[in-house]
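Participant: Okay, here's what each chain looks like letter by letter:
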Amino acid sequence: ETGVTQTPRHLVMGMTNKKSLKCEQHLGHNAMYWYKQSAKKPLELMFVYNFKEQTENNSVPSRFSPECPNSSHLFLHLHTLQPEDSALYLCASRDISGSNEKLFFGSGTQLSVL
Amino acid sequence: SQQGEEDPQALSIQEGENATMNCSYKTSINNLQWYRQNSGRGLVHLILIRSNEREKHSGRLRVTLDTSKKSSSLLITASRAADTASYFCATGLLSGGATNKLIFGTGTLLAVQP
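Protein sequence lines, in the order shown, are assigned to chains A and B.
Position 49 (the first sequence) corresponds to 49 in the working numbering; numbering is contiguous.
Numbering-wise, the working numbering comes out as the position in the second sequence, counting from 1, plus 1000.
It is possible that some hints are incorrect.
Stated by the list, open to error - Derived PhoX-like pairs (lysine-lysine); straight-line CA-CA distance at most 25 Å: (1) A:LYS18 x B:LYS1101; (2) A:LYS22 x B:LYS1101; (3) A:LYS52 x B:LYS1069; (4) A:LYS41 x B:LYS1069.
What the hints assert, rightly or not - Computed spacing ranges between beta-carbons, pair by pair: (5) A:ALA39 x B:VAL1044: 41 to 51 Å; (6) A:ASN58 x B:SER1051: 40 to 50 Å; (7) B:GLU1017 x A:PRO69: 41 to 51 Å; (8) A:ASN57 x B:SER1028: 14 to 24 Å; (9) B:SER1051 x A:GLY98: 14 to 24 Å; (10) B:ARG1060 x A:HIS73: 33 to 43 Å; (11) A:GLY3 x B:LYS1056: 31 to 41 Å; (12) A:SER112 x B:ASN1052: 37 to 47 Å; (13) A:SER62 x B:LYS1056: 40 to 50 Å; (14) B:ARG1060 x A:PRO61: 39 to 49 Å; (15) A:GLY3 x B:ARG1054: 30 to 40 Å.
Simulated from the structure, these hints should not be mistaken for lab results.
Each residue gets a CB set at the ideal place from its N, CA and C atoms; glycine is no exception.
Looking at chain A on its own, in the form it has when it is part of the complex:
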């Protein structure tokens, strides 16, 4: 248990659906991240939030919409996805105010787009 919880663990959706991924961290961290992991590709950084403010959008298509209502919660809203968006979506958090620079990851949401 890393202190970062992602729900749901698995999600199957059609291309016309709208769904949301949720991430919650219980570590008191102030930075949260979304990464995408596709088969045989490096982890792709999607979004970074520091103190609830988005500081990084790595050219992610607008069909992915992040939301960070507070430092403990991070959402990824999905709409009109494509089959190539099928992947493991990983949330991570860390404390950027200290010297500890390691990320704590959730178990991920395995997304399949049909």
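Following the hints, position chain B against chain A.
Facilitator: Relative to the frame of chain A, chain B by itself:
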């Protein structure tokens, strides 16, 4: 182009043997971290080495960093079947004087045969 690349892509060894994985990167870094991922799960931080350090140990792990060659290696000694996982290096990039994001490599899939 990706920041980090691990070599080899896959490694199969017998229990008790040592496993060495290498990571090369392209740009200047603040630190380099190694993570482990069991199949379909999130990543777990193993060890961090700063750009002004050359070697670091943690239990059965030994990490080296050569900033002149922009490369790092992870050595796992006396491997166990439970070490079977994917291993990723991640480079911490400076932004505004602090590490703002981690860029991951492609990973090495390690299989330890009992």
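Participant: Which hint numbers doesn't this structure obey?
Facilitator: Numbers 1, 3, 5, 6 and 11, in rising order.
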